[in-house]
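Number of protein chains: 2
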Amino acid sequence: MRIEAKKWVYFFSEGNAGMTDLLGGKGAHLAEMANVGFPVPPGFVISTEACNEYYAAGEEFPPALWDQVLEALRRMEKETGKRFGDPRNPLLVSARSGGKVSMPGMMETVLNLGLNEEPVRGLGDVTGTERFAYDPYRRFIGMFGRTVLGIDSSHFEAVLEQFKLKAGARLDADLGSEDLKAIVSESKRLVKAETGKEFPDDPLEQLRLSIEAVFESWNGRRAINYRNFHKIPHDLGTAVSIMAMVFGNMGDDSGAGVAFTRDPATGDKTLYGEYLANAQGEDVVAGIRTPQKVELLQLEMPEVYQELVDISDRLETHYRDVQDIEFTVERGKLYILQTRTAKRTAKAAVKAAVDMVKEGLITKEEALKRIEPGELLYSLFPRFDEGAKEEARSQGDLLARGLNASPGAATGKAVFDADRAEQLGSRGESIILVRPETSAEDVHGMLVAAGILTARGGVTSHAAVVARGLGKPCVAGCEELRIDLERRYLTAGGRVIEENEEISIDGSTGEVFAGRIPTIVPKLSEESDLIALLGWADEVRRLGVWANADYPSDAARALEFGAEGIGLCRTEHMFFEEERLPIVQKMILSAAEATALQNELIRLQEEKDRRGKLEERLAEVQRRYDTSAAAADYRSALAELMRFQREDFKGIFRVMAGKPVVIRLVDPPLHEFLPSYERVLVETTEFRIRGNDPVKLAESENLLRAIESMRETNPMLGLRGCRLGLMFGDIYEMQVRAILTAACGLAKEGIDVRPKIMIPLVGHPNEMRVLREKVEKVAREVEAEMGTMVDYKIGVMIELPRAALTADEIAHYAEFFSFGTNDLTQTTFGFSRDDAEGKFLLQYVERGILPENPFQVLDRDGVGRLIKVAVELGRKTRPDIELGICGEHGGDPSSIHFCHQVGLDYVSCSPFRVPIARLAAAQAALSAGEG
Amino acid sequence: MRIEAKKWVYFFSEGNAGMTDLLGGKGAHLAEMANVGFPVPPGFVISTEACNEYYAAGEEFPPALWDQVLEALRRMEKETGKRFGDPRNPLLVSARSGGKVSMPGMMETVLNLGLNEEPVRGLGDVTGTERFAYDPYRRFIGMFGRTVLGIDSSHFEAVLEQFKLKAGARLDADLGSEDLKAIVSESKRLVKAETGKEFPDDPLEQLRLSIEAVFESWNGRRAINYRNFHKIPHDLGTAVSIMAMVFGNMGDDSGAGVAFTRDPATGDKTLYGEYLANAQGEDVVAGIRTPQKVELLQLEMPEVYQELVDISDRLETHYRDVQDIEFTVERGKLYILQTRTAKRTAKAAVKAAVDMVKEGLITKEEALKRIEPGELLYSLFPRFDEGAKEEARSQGDLLARGLNASPGAATGKAVFDADRAEQLGSRGESIILVRPETSAEDVHGMLVAAGILTARGGVTSHAAVVARGLGKPCVAGCEELRIDLERRYLTAGGRVIEENEEISIDGSTGEVFAGRIPTIVPKLSEESDLIALLGWADEVRRLGVWANADYPSDAARALEFGAEGIGLCRTEHMFFEEERLPIVQKMILSAAEATALQNELIRLQEEKDRRGKLEERLAEVQRRYDTSAAAADYRSALAELMRFQREDFKGIFRVMAGKPVVIRLVDPPLHEFLPSYERVLVETTEFRIRGNDPVKLAESENLLRAIESMRETNPMLGLRGCRLGLMFGDIYEMQVRAILTAACGLAKEGIDVRPKIMIPLVGHPNEMRVLREKVEKVAREVEAEMGTMVDYKIGVMIELPRAALTADEIAHYAEFFSFGTNDLTQTTFGFSRDDAEGKFLLQYVERGILPENPFQVLDRDGVGRLIKVAVELGRKTRPDIELGICGEHGGDPSSIHFCHQVGLDYVSCSPFRVPIARLAAAQAALSAGEG
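Protein chains in written order, with our numbering: chain A, 147 to 1077; chain B, 147 to 1077.
The set of hints was computed from the structure by calculation and includes no laboratory data.
Do not rely on the hints blindly, as some may be mistaken.
Which copy? The list can't say, so a pair holds if one copy fits it or any two copies do.
Computed list of lysine to aspartate or glutamate pairs in DMTMM-like fashion (alpha-carbon distance at most 25 Å, straight line) [said to hold, decoys possible]:
#1 343 x 762
#2 334 x 762
#3 842 x 824
#4 504 x 344
#5 153 x 213
#6 246 x 199
#7 338 x 762
#8 920 x 381
#9 334 x 761
#10 327 x 160
#11 923 x 205
#12 377 x 1007
#13 842 x 829
#14 152 x 213
#15 246 x 673
#16 920 x 998
#17 1014 x 954
#18 338 x 761
#19 377 x 752
Could you put the whole structure together from the sequences, leaning on the hints where they help?
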């Protein structure tokens, strides 16, 4: 029995656009175009399977591959009437890489294959000019030398420069054929010197080595890095397209160019591109001469231009998307060498998609599917003028590069502490808060800053999270920055920036500049195409899209962007404002003592109720409570905060009239609101050593003791969330009272308020039971006092594994679940995001130990499994339970798909991400066949 | 239709021992005894249902209850021939509380019910002595006044004392009938004055109020606290037994006593108890006169004594367990008023159970089920002589009381830092290490200490965990302690203890004493009854019992206690020994730089292999690596540690020959091995302010920077466990090499070594995949070098929710799972045990928000669910996977039951808990019907 060899090689006529897995994008589209009748030079494709098999076999060609290549080559020879390596009329070919997913510039290509001293002469004869023949030969040796033989390209460039100098040639094209011949000889000598071997003259060996080099380039460092960054699997392999060369460098009736079927920057429907006469394709990219706009071709070669326009239209109609076309004109004849879906700006992508729907070219669904939701972000944030940025770079104003932690651009005075930032910021000055890293103590400065820059911390560090929440640009973890807080300056990129000097940060790219760069602020209301697209998205999506917003201004922005509710209002951010922080600190420092007295009173009262004695002890403790300074501080601080918070909530409810507002009761550990332990420790030590101010020393020591009694080894897993509500009941009671007083007040004004009170960090149903009773009790009291009722709901944040696992029991006490996927990711993985990202997580992703950063893209196997469990259990107990997500994943498209799949009711994300979420939710519905 | 009223009241003849739910323990056993024919006075029981219904109805008798009581009373009257409230021959009754679970002394009892001025005279007539009649009357008014009317008992005592003084009476019994009459009048006047109402004379009202008072006592503060402490549900309710009074105070042929069917301290088979002639039961307990030993009754009333012995035997045979009997002799007639299973010491419980098996009274299975495994702990740890402790207490040497964090007793010199502790301890002095709290830095001191005392931290704080691991006594969280580290003394209980003064700590009770208290050290080898019992346990248990041991001495003790393997050997404890810590610190401080250079070398080498260039860059980085001080430090520190660790492992393998040893690779964050950030911060500040030693300042600043770069916000969730192995590959490699070199070395000596290498803190299968490859590579190298092979296994600690959820994938790379339930509990609940226990967890348990401290008793609903998932998934992938638990729960009986139920192969616990685990494992098998 004869075993049929596997098919590794596909002639263009055997392929089509659907075969990108096997032939790569480039190969499949060349085949498609050839079959549809576009002018494509003849050729064939070596499949990605061959590449994978090559690696599987220890970097050896699989059996029969070479025979199939030779057979295909013979067929090409027949079609072109030329022969490969023929001394008289040689066939030249290119070998181009191309995987399923485009990785521009990451892999290798070899052009002009098939030349040695004999064919080159034949080529000269056929084309009638010796110079023409030696130009590709010279190029070929350099390209082959670099790509296949691994010789540094600078060596070949040096040879070229040396001869140009000798010949007094300014451009490559100024070199004569003798110069070119000499360059060829010198380049071959160079190859011998570098590799110890002669340059391979056998065209078939050249071809074979080139195919190997293209295969190898799949696993080049750059390609691997690119795939890691873009999350492209490493096992796809590359195809190799072998195509007959056509020559744009055969005189003024020849040339090469690239063209987009629509303007890739604006999306306007007009042929857009560049063309270089008498040049090969690589020259257009290399910038040896400045290419001309493709429209000018209309004047020079009107038929060719018209044909190009026609082909462009036909390609767009054929592919139903904007195309990026590579073409060559050889002696007045147009060839298309490549077509692919064009990379374009987000703005262009949206405009083109919307236009195409209007043109009847594609459906709304196709338009929706076509836009990468994440791209929208950049069209919604302020951004720097690109030209100005380029200029700044060229002037050496680029100071450093950090992590692009929160998109957008900002310019302002560098300020090194939050207090000063607040002082200047509240005067209306634009400032950039620059800190080694930020903590809760810096929030009052962040609130007024135009942007935030930190030297340490990852993209989910405190600075990054708060900045994204505030919709402010942030560059985080900018390790090159050296900040001297004492002398108030920073150094970076060899420059010193004093406080109050202006800097500019680009949160979308991570760049930090000295000086001011002008910004452009887009407005959604002006983006009519985007508005249309999002309108279509709203028609098909099933998921609701809510926003995380802590302030009325955030809420208003969220509404503008299309949010249907507030899914997370973090009350503690309100605590950090300047006039409140001292009150909050007073409350915290008195809480423990006051609460202990209260608890004793309650216990005694209960016992007295039961047993009818104890009046004396009760009276004594009551006396202690009544005269306790701590208790008095606690009560007055709570009363003051209650008034502040009531107004905060009124503001948000007013903006969100008719829509739900989920308010999370205070969550962070209380010590976050106190000065840092380390700072007070240093101060105390200073007072102690100096010994000249015993009063301040005592004060400092007292504060130190207070903070010490509260600080925690792992604050993330300590006394926070609902544990605060259970240990310091009055704080939650104050907040609930503020929420419901605000709500009742507005309800009386006839405003439709829909407060939803959310309890954070619940791990056991009993926590929820006790707190629900408490909330209901306060609600009854407030409703009685105010003489009105509001339709409030009580829910829970599911952010601990145990909450997910016992969601059926928790649902007895919760009308809604909101998945807090930030904390759920932390506890499921055992990762502290503050520590992990800087110390190992990014390396994990780079090394492929984790497929993604789970704080950016929801981990379906672990965290997702818990969410699924919780959804099922929650619905079992309470079929109409409302389910949402309010972690940062709520704004991530892949995570939104997951939320759709598991059947959540809504996602909630930062206001700026609302448009992204609307689109992603629509795509999720469409890909589930629900559109 | 007539609705039959619910039955609330059960005559003794209607009950039996199986009805404890309904009749309470006391009531059910009275009924049982009455029915079997023991001499029990007639009576009836009001059910626990009635009590619960009473509360449900807002503290009202349920319908028909009172009628049923009256009916039962009439029946009692018939049986006794007396009438309740009869002026001539009155029936007196007692009303006694008694729930399903015994709560001794926590609830109320009223005796001598049914007296007023008329029946008391009748009683006098019938008994022939007026004095006798007024004695119970006087007692009744006091008891009723206190119990039912809520009057402080001191008032009644004052009245009694006043009349005793007046009458010149030393004992109550010296009072004459006129005195008693006057006391009665005065007590009634007191009642009027205190309550504003006359003392209720109506016997039926007295009865009704007494029943209510007993119901109420179910929810008294003491009862609630007791139930919380003993984890008794609060919804059981109490029954009320109403029984005809018999009188031990009717002369010298009367009396009252308590007796145990065996000695409750030793378990010896001999009637043991106390007897007081001419007294009521309460007098025996109250200590008004010193009771005599029950044996003496043999001389005074031989028939009664013989009857008591017979009844004792019959009761034991009937109940098949040691009984605690309350009896009264009324004019030569013996009555049994109560029987219950006797409380006895652990030693007695074991001896009695083993003896009863030998006597043929119970089966081995019954003996095994009967012993509470936790009790064994106290019979295995050194303990203080109780008498000496009592004496110390009476001398005022009890300084304070903390948490009983690790059982056992220790005496030694108080020492306030680990260095000094080590210094003195290694000279053989017995020392107690006293610290505000401990950290990894203190371990070298803890290793040599006889005991550990801390002012802060819960029962799973560092001090507690390490102490339990070391089997050393520890009192933790002793908040009353004030430690002045600078001046080196502590204050507590108003005393000052200077360094080097002796103190004694009792880790089983949490007591701290000044001075030396003699200890008693039990030996398992001397506990023949326990050995027998554990032998039976081994016959029936299915679970293996292994031990957690870090040192050969621990391992030896574990073997002595019956461990079948080492389930957790924590390699990092070895790092803390004095001579090693500097090497470890050198390794840590050089790790980052050295590893970065290594990584660059590896990357370059890979790229060179692929592309055949880069020699120069590679050479340059190699040069940098070769000349790097950090790299040199790193290499030399690792080499030194490798030699230490190899010897450590040899020691353990040798002890454990033929048995498995699970070695966990290094787990804690590396900064735990460095000095504390705060300390170095203070030092640096001091050097800076003093400004007189720039060299030391610079050194201090450097160290501070190094520590700062490593410290973490939440170290529990940071760079630790397998993340260290992935980021600093050489450290794990060093450990694996040490393990396998040791193993191969011993294998060559013919010793059967079974190393199991365990990777901690895995959350993603890829972590395990990469590390498994690494371990296997090192193993191949070592085996080749040593020319021998060992049968090693590679496994994983399942201690993160994500690991449990993806256990099927992880099992591809792991031959065993060991559940690290400490960390799994932390991450599942989101509790940092260092913070939670002190700040809220204990309150949670007290308030019933959590049923137990989940760090002590495994949480089945959350953590347990994850374990079940992991067991199922793990076995799906690898049916023969070995499953164990090595968290602290491995030594907790309830958790061991769970481990049995979910089908683990073994539990591993601290050596001292091995006997407990053997017994608990047997009980688990028996209760699953596998015995």
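Hint check:
1. Proximity of residue 343 and residue 762 under a CA criterion of 25 Å is satisfied inter-copy only: 21 Å between copies versus 106 Å inside one chain copy.
2. Taking identical chains as interchangeable, the C-alpha atoms of residue 334 and residue 762 lie at most 25 Å apart only when they sit on different chains, with a minimum of 23 Å there against 108 Å within one chain.
3. In the homo-oligomer, the alpha carbons of residue 842 and residue 824 lie at most 25 Å apart both inside one protomer (17 Å) and across protomers (21 Å), since each shortest distance falls under that limit.
4. Within a single copy, residue 504 and residue 344 get their C-alpha atoms no closer than 61 Å, and across copies no closer than 98 Å, so neither meets the 25 Å cut-off.
5. For the identical chains of this complex, residue 153 and residue 213 are intra-copy neighbours only, at 11 Å inside a copy versus 98 Å across copies, given an alpha-carbon limit of 25 Å.
6. Only within a single protomer do residue 246 and residue 199 lie at most 25 Å apart by alpha-carbon distance; the minimum there is 16 Å, versus 75 Å between protomers.
7. In the homo-oligomer, the alpha carbons of residue 338 and residue 762 lie at most 25 Å apart only across protomers (20 Å), although the nearest pairing inside one protomer, at 106 Å, exceeds that limit.
8. For the identical chains of this complex, residue 920 and residue 381 are inter-copy neighbours only, at 22 Å across copies versus 57 Å inside a copy, given an alpha-carbon limit of 25 Å.
9. With identical chains, the CA atoms of residue 334 and residue 761 are at most 25 Å apart between copies only, with a shortest distance of 22 Å across copies and 108 Å within one.
10. In this assembly of identical chains, the alpha carbons of residue 327 and residue 160 never lie at most 25 Å apart, being 40 Å within a copy and 122 Å across copies at closest.
11. Taking the shortest alpha-carbon separations for residue 923 and residue 205, only the inter-copy value of 23 Å comes in at or below 25 Å, while the best intra-copy value is 74 Å.
12. Taking the closest pair of Cα atoms, residue 377 and residue 1007 come within 25 Å of each other only inside a single copy of the chain (17 Å); across copies the shortest separation is 37 Å, beyond that limit.
13. When the C-alpha separation of residue 842 and residue 829 is checked against a cutoff of 25 Å, the pair qualifies both within a copy, at 10 Å, and between copies, at 20 Å.
14. For a Cα distance limit of 25 Å, the shortest separation of residue 152 from residue 213 inside one copy, 11 Å, qualifies, whereas the shortest one across copies, 97 Å, does not.
15. When the C-alpha separation of residue 246 and residue 673 is checked against a cutoff of 25 Å, the pair qualifies neither within a copy, at 33 Å, nor between copies, at 74 Å.
16. Taking the shortest Cα distances, residue 920 and residue 998 sit within 25 Å of each other only across copies (23 Å), while inside one copy they are farther apart (41 Å).
17. Taking the closest pair of Cα atoms, residue 1014 and residue 954 come within 25 Å of each other both inside a single copy (12 Å) and across two copies (18 Å).
18. Taking CA atoms no more than 25 Å apart as the test, residue 338 paired with residue 761 passes between copies only; the shortest distance there is 18 Å, against 106 Å inside one copy.
19. In the homo-oligomer, the alpha carbons of residue 377 and residue 752 lie at most 25 Å apart only across protomers (21 Å), although the nearest pairing inside one protomer, at 62 Å, exceeds that limit.
In the structure shown, a violation is registered for the earlier hints numbered 4, 10 and 15, in ascending order.
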